[in-house]
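Chains as they are written, first to last, in the numbering used here: chain A, 27 to 295; chain B, 297 to 550.
Among these hints, one or two may not hold up.
Unchecked claim - Only pairs whose alpha carbons sit at most 30 angstroms apart, straight line, appear in this in silico BS3-like list of lysine-lysine:
1) A:LYS190 x B:LYS429
2) B:LYS418 x B:LYS436
3) A:LYS106 x B:LYS371
4) B:LYS429 x B:LYS418
5) B:LYS409 x B:LYS371
6) B:LYS416 x A:LYS107
7) B:LYS416 x B:LYS429
8) B:LYS418 x A:LYS190
9) B:LYS421 x B:LYS490
10) A:LYS108 x B:LYS371
11) B:LYS409 x B:LYS490
12) B:LYS409 x A:LYS190
13) B:LYS304 x B:LYS490
14) A:LYS106 x B:LYS409
15) A:LYS107 x A:LYS190
16) B:LYS421 x A:LYS190
17) B:LYS508 x B:LYS418
18) A:LYS190 x B:LYS371
19) B:LYS371 x B:LYS304
20) B:LYS436 x B:LYS409
21) A:LYS84 x A:LYS155
22) B:LYS490 x B:LYS508
23) A:LYS107 x B:LYS371
24) B:LYS418 x A:LYS292
25) A:LYS292 x B:LYS508
26) B:LYS409 x B:LYS421
27) B:LYS409 x B:LYS429
28) A:LYS190 x B:LYS416
29) B:LYS371 x A:LYS292
30) A:LYS292 x B:LYS409
31) B:LYS436 x B:LYS416
32) B:LYS436 x B:LYS421
33) B:LYS304 x B:LYS409
34) B:LYS508 x B:LYS304
These are calculated hints, taken from the structure and not from any lab test.
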Amino acid sequence: MEAMLTYNFMQRAMLAGLFIALSCSILGIFLILRRDAMIGHGLAHVTFGGVALGLFLKITPLLVAVAVAALCAIGVVELKKKASLYGDTAIGIFSSIGMATGVVLASLASSFNVDLLGYLFGNILAIEKAEVLIAIILTIVVLLVIVLFYQELLYITFDPESAKTSGIHVARLDSVLAILVAVTVVLGMKVVGLLLVAALLVIPSAAGLQLAGSFRQAVLFSCLIAAGSLVSGLFMAFYWDLPASGTIILSSFVIFVILFCVRLMKRRR
Amino acid sequence: MALNVDKKSLVSVEGVSFSYGTTPVLIDVTFSIMPDDFLAIIGPNGSGKTTLLKIILGILQPSSGVVQLMGEDVKHFSHWERLGYVPQKATHVDPFFPASVREVVAMGLLSQKRFPRLLKHKDEKAIDEAIEKVNMRRLKNRRIGELSGGEQQRVFIARAIVNNPAILFLDEPTTGVDAEGQARFYDMLDELNKTYGITIVLITHDISVITKHARKVACLNQRLVFHGTHEEFCNSAVVQEILRGDHHLVCHRH
Numbered sequence: 027m028e029a030m031l032t033y034n035f036m037q038r039a040m041l042a043g044l045f046i047a048l049s050c051s052i053l054g055i056f057l058i059l060r061r062d063a064m065i066g067h068g069l070a071h072v073t074f075g076g077v078a079l080g081l082f083l084k085i086t087p088l089l090v091a092v093a094v095a096a097l098c099a100i101g102v103v104e105l106k107k108k109a110s111l112y113g114d115t116a117i118g119i120f121s122s123i124g125m126a127t128g129v130v131l132a133s134l135a136s137s138f139n140v141d142l143l144g145y146l147f148g149n150i151l152a153i154e155k156a157e158v159l160i161a162i163i164l165t166i167v168v169l170l171v172i173v174l175f176y177q178e179l180l181y182i183t184f185d186p187e188s189a190k191t192s193g194i195h196v197a198r199l200d201s202v203l204a205i206l207v208a209v210t211v212v213l214g215m216k217v218v219g220l221l222l223v224a225a226l227l228v229i230p231s232a233a234g235l236q237l238a239g240s241f242r243q244a245v246l247f248s249c250l251i252a253a254g255s256l257v258s259g260l261f262m263a264f265y266w267d268l269p270a271s272g273t274i275i276l277s278s279f280v281i282f283v284i285l286f287c288v289r290l291m292k293r294r295r
Numbered sequence: 297m298a299l300n301v302d303k304k305s306l307v308s309v310e311g312v313s314f315s316y317g318t319t320p321v322l323i324d325v326t327f328s329i330m331p332d333d334f335l336a337i338i339g340p341n342g343s344g345k346t347t348l349l350k351i352i353l354g355i356l357q358p359s360s361g362v363v364q365l366m367g368e369d370v371k372h373f374s375h376w377e378r379l380g381y382v383p384q385k386a387t388h389v390d391p392f393f394p395a396s397v398r399e400v401v402a403m404g405l406l407s408q409k410r411f412p413r414l415l416k417h418k419d420e421k422a423i424d425e426a427i428e429k430v431n432m433r434r435l436k437n438r439r440i441g442e443l444s445g446g447e448q449q450r451v452f453i454a455r456a457i458v459n460n461p462a463i464l465f466l467d468e469p470t471t472g473v474d475a476e477g478q479a480r481f482y483d484m485l486d487e488l489n490k491t492y493g494i495t496i497v498l499i500t501h502d503i504s505v506i507t508k509h510a511r512k513v514a515c516l517n518q519r520l521v522f523h524g525t526h527e528e529f530c531n532s533a534v535v536q537e538i539l540r541g542d543h544h545l546v547c548h549r550h
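This is chain A alone, in the form it adopts within the complex:
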């Protein structure tokens, strides 16, 4: 481990990765329990369209992508409510539109294809100092919002109708969560890549839910599993010369399987 951390690129990967993993795993708990687990994948597709639009309009692509992803995340929330659609259907609609827009714009201006891919497929082992900073700021914002709205978010996730009768602005909080997820997906993609950010939004939280006896435990377990997956995945990637995103995701999956088996055994007793 010590040898691994003597390299600057590994230090940056560890630091930025841990922060992104923390953000994703906390948000992931809420998404899974709201049946919106696939929103990470969906918004990743939307981000493709957003980055393409930014490059096409010659406006900072990352900003355009954040705005487009946030709008689409709110669109998913609204479509679920107003059109009485299930979350996966609403996500499917927006992710398809995002991809279609990206493909059309990329075709119209084929010159920016390389830039587009650079924005979409960040590499955790090629993180720059600025990206570490992005990851830290993002996580501070996510943590701040979650801490301040923790009780309300738990309530609207568990029982939105009763939450309304407690004077909680459910629609407003739905939008806050949607925007938070959108920003995390776009910035997380830029820093650690699409594959990793989408996986970190689902697998550590799903693993944490296997053994949690309370919501607080679920959040804590999810964070620890995400961090453990990241460290072990980077370790394997470094010593066995494997793609880091893949080893991190596989590590989290192994943890998920172990915890799933533990749960099954507990149930049989």
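Fit chain B to the supplied structure of chain A, relying on the hints for placement.
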């Protein structure tokens, strides 16, 4: 109609109508709920009971009419901590949701808090007291999904009463609860009403239980076809007609 809207009422419903699209669900409903009432709202399926409750609680907007909660228009009502609500689906909890009993009961405290709605040390005592009132102390750290339907229902009651509300609304609270659990549950409601002075508003299909526990009855069939005491209800021809004589009514003395 035995009872009319009263200025001292906790809830006043005046001329409320509601439609889903072009289908009318409620037509010109007017009645009031007084302090200490134990009111049962009954009616056939699709008669608008749950819709009426959602309108009273501000979850749905009526197409016409006014609802006042404790003298305030529900649109501007801010004292949500004085109301407790147990929704219809309370016994259909996601078995994998990782909330503990304590966490669920704590949700009820949010209505009395302003931003940031963080729980404080004194809240722990209120949570414990609410759990105690519904006899769930031994299960307070268990996951809600691991409990039986009757136990879950008690947890939702604890959540609804953790603020010591003036009025408690329950929408078909014993759906999915076994007969023994139902009996214990209604006895508990009686105790909350008589000992703690909490006004109870209960939507139910269970005629025998409401005649045993409720002191007032409102019968809906899109319109309010009856509103009166339970003795009046037992003798009411219009109720027998609405229920098409399917139920054998036994009136108990309170």
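These are the hints, each one checked on the structure:
The suggested pairing of LYS190 of chain A with LYS429 of chain B holds, with an alpha-carbon distance near 24 angstroms, which does not exceed 30 angstroms. Note on LYS418 of chain B and LYS436 of chain B: the hinted pairing holds, with a Cα-Cα distance of about 17 angstroms set against a maximum of 30 angstroms. For the hint linking LYS106 of chain A to LYS371 of chain B, the alpha-carbon distance of about 24 angstroms falls within 30 angstroms, and the restraint holds. Of the supplied pair hints, the one linking LYS429 of chain B and LYS418 of chain B holds, its CA atoms being roughly 17 angstroms apart against a limit of 30 angstroms.
Between LYS409 of chain B and LYS371 of chain B the CA atoms are separated by roughly 19 angstroms; this keeps the pair inside 30 angstroms, and the hint holds. Distance restraint check for LYS416 of chain B and LYS107 of chain A: the Cα-Cα separation of roughly 34 angstroms exceeds the 30 angstroms cut-off, and the hinted pair is therefore not satisfied. With a C-alpha separation of about 21 angstroms, the suggested pairing of LYS416 of chain B with LYS429 of chain B holds against the 30 angstroms cut-off. With a C-alpha separation of about 24 angstroms, the suggested pair LYS418 of chain B and LYS190 of chain A falls inside the 30 angstroms cut-off, and the hint holds.
A C-alpha spacing of about 23 angstroms is found between LYS421 of chain B and LYS490 of chain B, which places the hinted pair at or below 30 angstroms, so the restraint holds. A distance of roughly 21 angstroms separates the Cα atoms of LYS108 of chain A and LYS371 of chain B; the hinted pair therefore holds under the 30 angstroms criterion. At most 30 angstroms may separate the alpha-carbon atoms for a hinted pair to count; LYS409 of chain B and LYS490 of chain B meet this at roughly 28 angstroms. For the hint linking LYS409 of chain B to LYS190 of chain A, the alpha-carbon distance of about 14 angstroms falls within 30 angstroms, and the restraint holds.
Proposed proximity of LYS304 of chain B and LYS490 of chain B is supported: the alpha carbons are some 20 angstroms apart, at most 30 angstroms. Proposed proximity of LYS106 of chain A and LYS409 of chain B is supported: the alpha carbons are some 29 angstroms apart, at most 30 angstroms. Distance restraint check for LYS107 of chain A and LYS190 of chain A: the Cα-Cα separation of roughly 15 angstroms lies within the 30 angstroms cut-off, and the hinted pair is therefore satisfied. The suggested pairing of LYS421 of chain B with LYS190 of chain A holds, with an alpha-carbon distance near 24 angstroms, which does not exceed 30 angstroms.
Restraint check: the Cα-Cα separation between LYS508 of chain B and LYS418 of chain B comes to about 38 angstroms, which exceeds 30 angstroms; the hinted pair is violated. Distance restraint check for LYS190 of chain A and LYS371 of chain B: the Cα-Cα separation of roughly 12 angstroms lies within the 30 angstroms cut-off, and the hinted pair is therefore satisfied. Between LYS371 of chain B and LYS304 of chain B the CA atoms are separated by roughly 19 angstroms; this keeps the pair inside 30 angstroms, and the hint holds. For the hint linking LYS436 of chain B to LYS409 of chain B, the alpha-carbon distance of about 23 angstroms falls within 30 angstroms, and the restraint holds.
For the hint pairing LYS84 of chain A with LYS155 of chain A, the CA-to-CA distance comes to about 25 angstroms; that is within 30 angstroms, so the pair holds. Only pairs whose Cα atoms come within 30 angstroms are accepted, and LYS490 of chain B paired with LYS508 of chain B is accepted, the gap being roughly 14 angstroms. A distance of roughly 21 angstroms separates the Cα atoms of LYS107 of chain A and LYS371 of chain B; the hinted pair therefore holds under the 30 angstroms criterion. For the suggested pair LYS418 of chain B and LYS292 of chain A, the alpha carbons sit about 35 angstroms apart, so the restraint of at most 30 angstroms is broken.
About 43 angstroms separates the Cα atoms of LYS292 of chain A and LYS508 of chain B, which puts this hinted pair outside 30 angstroms; it is violated. Under the criterion of a C-alpha separation no larger than 30 angstroms, the hint pairing LYS409 of chain B with LYS421 of chain B is consistent with the structure, at around 16 angstroms. For the hint linking LYS409 of chain B to LYS429 of chain B, the alpha-carbon distance of about 22 angstroms falls within 30 angstroms, and the restraint holds. The suggested pairing of LYS190 of chain A with LYS416 of chain B holds, with an alpha-carbon distance near 22 angstroms, which does not exceed 30 angstroms.
Pair hint LYS371 of chain B plus LYS292 of chain A does not hold up; C-alpha atoms about 49 angstroms apart against a cutoff of 30 angstroms. A distance of roughly 38 angstroms separates the Cα atoms of LYS292 of chain A and LYS409 of chain B; the hinted pair therefore is violated under the 30 angstroms criterion. Using a Cα cut-off of 30 angstroms, the hinted pair LYS436 of chain B and LYS416 of chain B holds, with the two alpha carbons roughly 18 angstroms apart. A threshold of 30 angstroms between alpha carbons decides the hint, and for LYS436 of chain B with LYS421 of chain B the separation of about 13 angstroms falls inside it, so the pair holds.
A threshold of 30 angstroms between alpha carbons decides the hint, and for LYS304 of chain B with LYS409 of chain B the separation of about 26 angstroms falls inside it, so the pair holds. Between LYS508 of chain B and LYS304 of chain B the alpha-carbon distance is near 26 angstroms, which keeps this suggested pair within the 30 angstroms criterion.
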